[in-house]
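Chemist: As they're listed, the protein sequences go chains V, Z, H and X.
Counted from 1, the first sequence has number 254 at position 67 by the numbering used here; the numbering is strictly sequential.
Counted from 1, the second sequence has number 191 at position 4 by the numbering used here; the numbering is strictly sequential.
Counted from 1, the third sequence has number 39 at position 41 by the numbering used here; the numbering is strictly sequential.
Counted from 1, the fourth sequence has number 8 at position 10 by the numbering used here; the numbering is strictly sequential.
Treat the hints as calculated values from the structure; they're not laboratory data.
Careful: at least some of the hints might be erroneous.
In silico contact screen, one side only, chain X against chain Z (beta carbon under 10 angstroms); selected entries [claimed, not checked]:
(1) 53
(2) 87
(3) 107
(4) 110
(5) 116
(6) 117
(7) 118
Listed next, with one range per pair, are the computed distances between beta-carbon atoms [claimed, not checked]:
(8) X:142 / Z:253: 28 to 36 angstroms
(9) H:-1 / X:78: 46 to 54 angstroms
(10) H:8 / X:-1: 30 to 38 angstroms
(11) H:4 / X:18: 34 to 42 angstroms
(12) H:95 / Z:260: 40 to 48 angstroms
For every residue, glycine included, the Cβ atom is placed at its ideal position computed from N, Cα and C.
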Amino acid sequence: MSEIAVLPVRVQLFARYAELLGASQVTVRISAGGTVADVVDGVRALPGGASLPERMLVAHGVDQVRYDHRVQADDEFALLPPMSGG
Amino acid sequence: MSEIAVLPVRVQLFARYAELLGASQVTVRISAGGTVADVVDGVRALPGGASLPERMLVAHGVDQVRYDHRVQADDEFALLPPMSGG
Amino acid sequence: MAHLTSYPIQLDALIHAVLSPSRGGVATFLGMVRDQHAGRSVVELGYEAYGPMAEAECARIVAEAETRWPVRVAVQHRVGTLVIGDTAVAIAAAGAHRDEAFEACRYVIEELKRRVPIWKRERYSDGSEAWVDPTAPGGTVPAMTRAPE
Amino acid sequence: MAHLTSYPIQLDALIHAVLSPSRGGVATFLGMVRDQHAGRSVVELGYEAYGPMAEAECARIVAEAETRWPVRVAVQHRVGTLVIGDTAVAIAAAGAHRDEAFEACRYVIEELKRRVPIWKRERYSDGSEAWVDPTAPGGTVPAMTRAPE
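Only chain V is shown next, with the shape it has when bound in the complex:
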């Protein structure tokens, strides 16, 4: 049985992004060794994902994270629309 070098990555969606994807959480599969940019591409490839903006804020846990962050097993991400609290 060969090892499959693919990570399932859970991504939370909020507000308008959740509305566009019709889901508040999705799971995308990226190659082991991939980065946040690959996660974002994975979400954008889902139905409705093409309407997401080119650049989005991404959180890793409770912290913002850069697109070049290398994804580890069990990492959880969130795509954040522009904040509009207050």
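Following the hints, put chains Z, H and X in place on chain V, whose structure we already have.
Modeler: Here is chains Z, H and X on its own, set in the frame of chain V:
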């Protein structure tokens, strides 16, 4: 009976000024045609008045007034220590 | 005190959380739901948050303010459905003097609006809805209208 | 609402006096009695005012703020004897947006302290008393201690 060209002028005192004079209101007599400066001099001539500062804020009714304001009959004044509200 | 709440915000509770006998200046800010936005008549708002991150980010902002100025700060943001006049956000900052209280209070609301993952959806008098988005032209992006409940 | 009061100040009442559905930003300031001043331990304060002029001057300051910014402003100052933690002064300023609310609130407290004829007398833990005087070296001038009542 000759006319006496003297105006009695009522002056309110507050806070430390009232404490120095031992009164919250005094009446001084100034010559008709006199100014606020004469009123202040009159107060300063009263017992305890020598301890008042050289220059003081003076109110005419509910407005600050200048020392060269000419006093009219029935004018009422107040000597205001430096404000310390808030 | 949690920074996010589904219940009406009590400003008094925030003020009491920051008071002490040595603090003589308390500055507060209340953000209330307005009846209009960008020229449209608003009837209702919904606030949605990424809860764990919003809590963490509020805590970071409070810690920054308390490091930068000699103050104690409290902040709460409401989530869920709000109507006109409801308090969406409240901040209280107390210091020995008013300068630091005002500056810290102002800092917290500016950083909160910029950094805390909370999103506002407006419903207008014509029945349409939009997401508020400070980066969008006009400040909003049309939302899919929810089916009537 | 009178600007001077002998009773505890209710911030909520000031806020409600300035609210409206079109005003989304409310900035408030509370000046509380501190337990120390200029390094001395304060136990009690007395505020004395030239009432008619203090009312008139507060009204002028409110009118100035409401002319300069698109806001509604309310302000109250306590007179009489206060203890640590009592609210001496409260201000609420409401506008459509927070900028004008903060600026108007700040304006009112600065002008009030400078122009409204109110005087503060402090009693310290050693029994001595002083008049607060921002123009005096050290910020106070010794007062004649009142005879015990």
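Chemist: Are the hints correct? Go through all of them and say.
Modeler: Verification of the hints:
1. 53: holds (8 angstroms)
2. 87: holds (5 angstroms)
3. 107: holds (6 angstroms)
4. 110: It holds, given that the least Cβ distance between residue 110 of chain X and chain Z is near 5 angstroms, below 10 angstroms.
5. 116: holds (3 angstroms)
6. 117: This hint holds: residue 117 of chain X lies near chain Z, its Cβ roughly 4 angstroms from the closest one there, short of 10 angstroms.
7. 118: Cβ of residue 118 of chain X sits 4 angstroms from chain Z, so the hint holds.
8. X:142 / Z:253: 28 to 36 angstroms: About 31 angstroms separates the Cβ atoms of residue 142 of chain X and residue 253 of chain Z, which means 28 to 36 angstroms holds.
9. H:-1 / X:78: 46 to 54 angstroms: violated (33 angstroms)
10. H:8 / X:-1: 30 to 38 angstroms: Given about 22 angstroms between the Cβ atoms, the range is violated.
11. H:4 / X:18: 34 to 42 angstroms: violated (26 angstroms)
12. H:95 / Z:260: 40 to 48 angstroms: With a Cβ separation near 47 angstroms, residue 95 of chain H and residue 260 of chain Z satisfy 40 to 48 angstroms, so the hint holds.
Checked against the numbered hints given earlier, this structure breaks hints 9, 10, 11; the rest are met.
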